[in-house]
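In order, the protein sequence lines correspond to chains A and B.
Using our numbering, the letters of the first sequence map in sequence onto residues 1 to 247.
Using our numbering, the letters of the second sequence map in sequence onto residues 1 to 551.
A portion of the hints provided could be inaccurate.
Just some of the chain A residues that point at chain B, by a computed CB distance under 10 Å [as the list claims (entries may be wrong)]: (1) Ser2; (2) Leu3; (3) Leu17; (4) Pro136.
Keep in mind that the hints were calculated from the coordinates and are not lab data.
Note that the Cβ used here is the ideal one computed from N, Cα and C, for glycine as well.
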Amino acid sequence: MSLFGFHYRLERKAIGLTLAIILVASIGGLVEIAPLFTIHQTVEDAPDMRVYTPLELAGRNIYIREGCYACHSQMIRTLRDEVDRYGPYSLAVESKYDHPMLWGSKRTGPDLARIGEKYSDQWHVAHMNNPRDVVPVSVMPAYGWLLTTELRTDDLGLHLKAMRRVGVPYTDDMIANAAVDAYAQSNPDSPLADGVTKRYGKATTLRAFDGQPGRLTEMDAMVAYLQVLGRLTDAATKSTARAEAGQ
Amino acid sequence: MIAQLTLTERQHAIMISAAVAVLGALMILVGQDDAMSIHGVLVFVASAIMIFRIGGSYYAPLPSDDRLAHYYDDPSKVGIVLSMIWVVVGLAVGDWVAWQLVNPDLTFGPGWSSFGRLRPVHTTSVIFGFGGNALIATSFYVLQRTSRARLPDQVSPWFVLYGYNLFCLLAVTGYLMGVTQSKEYAEPEWYNDFWLVVVWVTYFVIYLRTLARRKEPHIYVSNWYYMAFILVVAILHIVNNLAVPISLGHTKSYSAFSGVQDAMTQWWYGHNAVAFFLTAGFLGMMYYFLPMRAGRPIYSYRMSIISFWGITFFYMWAGSHHLHYTALPQWVQTLGMTFSLMLLIPSWASAGNVLLTLNGAWDKVRDDATLRFMMVAGVFYGLTTFEGSFMAIRTVNSLSHYTDWTVGHVHAGALGWVAMITFGSIYASVPWLWKRQQMYSPKLVEAHFWLALAGTVIYVFAMWNSGIVQGLMWRTYTESGTLAYSFVDTLVAMHPYYIARAVGGLLFLIGGCIGAYNIWKTIRISGAAAEQASDVPQPAVVGAGTLQPAE
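Bound-form chain B, shown alone (with noise of 0.2 Å):
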């Protein structure tokens, strides 16, 4: 990788990553008897390494012009093989807290490996660090071949790419020594929070000045998502982690908002997370991944132009419905209720248009088990937001609202619609990316493609069952007009769909670790027999390679 940087973006590394080890000197300095210090010690041992790496090869043979003749795509190489790390590790720690709920001394001695230190770690592994990843390496694919240019330089995407691990990094740590903020999906203290910012405003930038270089027109579709994931994010994590730390050298901060505002800021922020994280950000995936692999063209251009505007403007009201019959002004409740039936309309024109494009390539999806992912997780996709609009109606969400049926819903998306349209675009750019004519065992895609869904639908049905019967056991009274049944009974009644959850989890693991070989495989098949010149991506040969073919 180093070999592919200049001399002076060689210097320019170094310097960075020194101004970075000086920050984390700093954070030992005032950190003293806090967690402060021990994070301060990590960025510095990760700045260090990052110094000794690049010096390494300081004097390594420079690049010859060549390289600008094609797209820069190391960073997007290593941001894959993280974001691969990163679900694994994810996915594992929620199939533990899973079988914690089924045998809850499932722990390790004090503190950090229980329920409620291991959730945010589970949920930050996965939502930052395998979506997080997997969006930053995929948009940088996609923005250089839609965009015809190549990256503006190649420091900066580094500098994306391993400073916001070394955020999510800073975040897990953290959530087991106890340094959360509480807010969900916005747990990562001040400190961690500045940093995220300077990343993201890098991010943005490198996104500006490869457009700016565009020798093509039109902004493709792909990057208005793209660009609406970055800047809706970065609008979102500032307003939502306003607060005042109680000292520099100390991790806790307090919120700046309290109680009902506080409330609204951050479900404003949390539901967007899904809208601008979970869902823009995959949606550019989808548009560019989708018609590569299937090898047609998007069905709709204005079904794309009214499904981006809609899902840009609706979402950002949707929020309040995570506070129905709440201390909240029912004038919110009713606005959140009202925009997320709206949403229903631009997220099955998304849906609707992905899935119209797959027409006239359906034999493909049989075959091919990377486009089926893609094909599932659209189908997901347009069932989940279908569920999200339904439980946003006020009458729904009194039953459906702390209990698991929301866990379930949000498992529909994450690992129906997310992980799949992940897992399917990693699939195909792994091969572009490495030059391989295709991945090392097309049958081990297909094996964790039936794990995956098999799983996925296990987990969601038992959380739609216990949801459902713990919504109901609460509000169910006898003849005599008092509560049939205590909290514990509930409980009771929950444990067979807690195991049935653990299982369908484990099996989704076990397609993920699956996943995670199998690329690191096609990475070490040697022999330039495997190579494939181009550039650009080809769609997939159907029939080619160990296939078998069954009808």
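If we strip away everything but chain A, and leave its shape as in the complex, we get (with noise of 0.2 Å):
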């Protein structure tokens, strides 16, 4: 009775209850987002992991401003038949450097967290020119301008720059060559690709990825980015196959 009595009373002060609202609408996202970045287990240590060159970044730009991840997931669930259709289940550290994530919702279309050389380069830029083209059941817009839009390098310099300041540990030297980089990597046989394996890793894949060496489009850097879906770490292999020994 006490309890709606004080009610009561409550109801009676404006600020009373603006203060009421607030401190009872906060504890339950205190509790449960605070400690994921003070529980260190929350995310995986994975040293091999690498950040995204910046021609892979304009990708992973590029899904975003097209809304990819409307119907595209990133995040195979630890599930039976998700881990046999799309490989071994998401990790946390897999999205470490993904700001924002790009997990998604719904799967209008299949899960794309591992699809990096699942598909040739060919394959992904007919796929992208026309979906129909290669699954004729596809219901995927089509984005063949994709193929003829130049892609802006001159401000990559300033995403990375972005980047850095929310916690990727991009160096100097990766911001300053940001936009050379973006050219270099869609042009193996230029001289200036040596710098972005030296920067990114050997494992960095070189390729002209739209099938054009001398032009840096936006298909480009969509295809690097589908490439490298999956590829930053192998942490996820290594423990599946750690529990597959385990058993």
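These two chains come separately, so use the hints to put the complex back together.
Here it is, written out as structure tokens:
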């Protein structure tokens, strides 16, 4: 009774009610979110994890711009059929450098967390150009104009700088050479190509992703991004192998 | 409208508009070769129009002091009109993208008209454009009457209303140009997010200032909900949108959070956008308009208290049920599921409270489509909250997640609950606001009701079917232990349901257009004969006017 009596008095005070709402509503978020930043086990260690190259980051931004996340998830759940269909389940560390994450909430199309290097560049270009050319019943929009749109690279350094500010370990060298590296990654024969390997590691893929070597298009960036999905670290494959060995 | 403003208020309005115009000019200057400059032009033109409109009537006769004896309803009137414009746009885009999933080539040229860019145009238009304007309009209306106090001034409500619509306009035009943060239901970029914070703080200050002037000792339950809606949306919005822009001249920013922390923050936001934008605010609406229209007091004061604090507390824990079986630590998933189940108690307390309020007024529900909109909203609220708790159970979620079942669930809530309670409240308040005896055509309200209900039911059934079929196909194994269906096989199975969904959406859209027409005609009816003098709403008069007795 006294509880309702208390409320009878509380609802006569605008400020009291305001403070009570803020207090009551804050608890859930504090308990669930704050510890994710402090508990170390939340994100696994992956010493081999590399950052996105400027070209891949530009591709990721096109993926965001076009709203691809509305239909494609990047999160393989710990369910048998998902592991069989898409590969080892996703680990938290794999999206450690994803600002924001693109886990998605709907699969109108398939999951893309491990799409990298499953299909050839040519397949991706044909598919983006008109999905129905390679998958007749697909309902995905066509993105042919990516192939003819030049990629904007002059502001890539700013992008890397902002990413560093939110915690991604880009070096000064990477920031200074962002535009050059974007060009070089899609022109493996260029003398600048060595710089990309030097800065981002030997595992970095250097190819004319859109099939047009001397030309840097949005399609280059998009395909470069798709081809690196699930391949920034092999922590997930290792952890699955370890689990299987344990059994 | 401007004739109602005093001279100082006209000056303030011009000064505020001028300040916004300067902001627009700055955006044009620093934005240069970025979409930022186009948005700068938009901001500049919008504020220039405001300056010209106020300036044009600057020397109009000043209002007399007896305006202070009446509630200030002009912002509510404009809010309702804007809300109806947004709903027609939002539903049309929604149905368009639904047809794109039937035939993916329903696009025009590059970029802007593809599914990925249009989808947030749909969600923002209906949630923030339609829902948000309706909430602002009705909250001002309800706040004044339940406090027996006039809004504190005549400029800040306009700032909130027009500022908010500028936010929505920048958001949807941004998506078409590819400006998005990709966070679902929080897509607008950093500069627009800042702007919303300014508008939102002003909104809450109006609330506090009006409450401070109230002549009613108790704050009515509708206002608890409206206050929770404004406060919690502010908290969610600020935290989830923390980001670093690449420069002040670029629209693009990078979220402060990444990976698992970002996922949890996003769905803490996302689920509570449902809770505090799409539930709390509309419960506030329902707690006023339904008892008023039915002419019955709310069934239980104590159930109102229990459900209000239950919703405010439990909902904030539930977001992690969007992340079952993901890389989110299991203890957070379990907490999310547990609180989602407990949430059923306050949710059903609200739904029950509403339906029990109608005891003794069921004859009115039968005869009055406006009240029936509100009753059906209450039923869908109960159904959807039950379905939500059910889908938050881990094992159920393993089937439903990533499928159309989620889409069906959302639309059961959005069409069946949010849109229905809004249409009901708007149909109730339009005659009250414009001092008409009734809507221009009660028959068209009736037609709208049945179109809306049929559209919702078709939509939801189609999505239940497609979602469950797809979920089951994904996990079906052959006898030899391999997956039975490829992803493409499931696409073929979805096709008929996608057609059904688009048809359901079309019915709902036609209903919305009829509603907009009916409201427009009601506003335009001339003649003092239609005028109703009272400043306080009257319950529905059953059998009045053109209602046909069918029995």
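Consistency of the hints with the structure:
no., hint, in the structure
1, Ser2, "violated (13 Å)"
2, Leu3, "holds (8 Å)"
3, Leu17, "holds (6 Å)"
4, Pro136, "holds (9 Å)"
Hint compliance for this structure: hint 1 is the single one not met.
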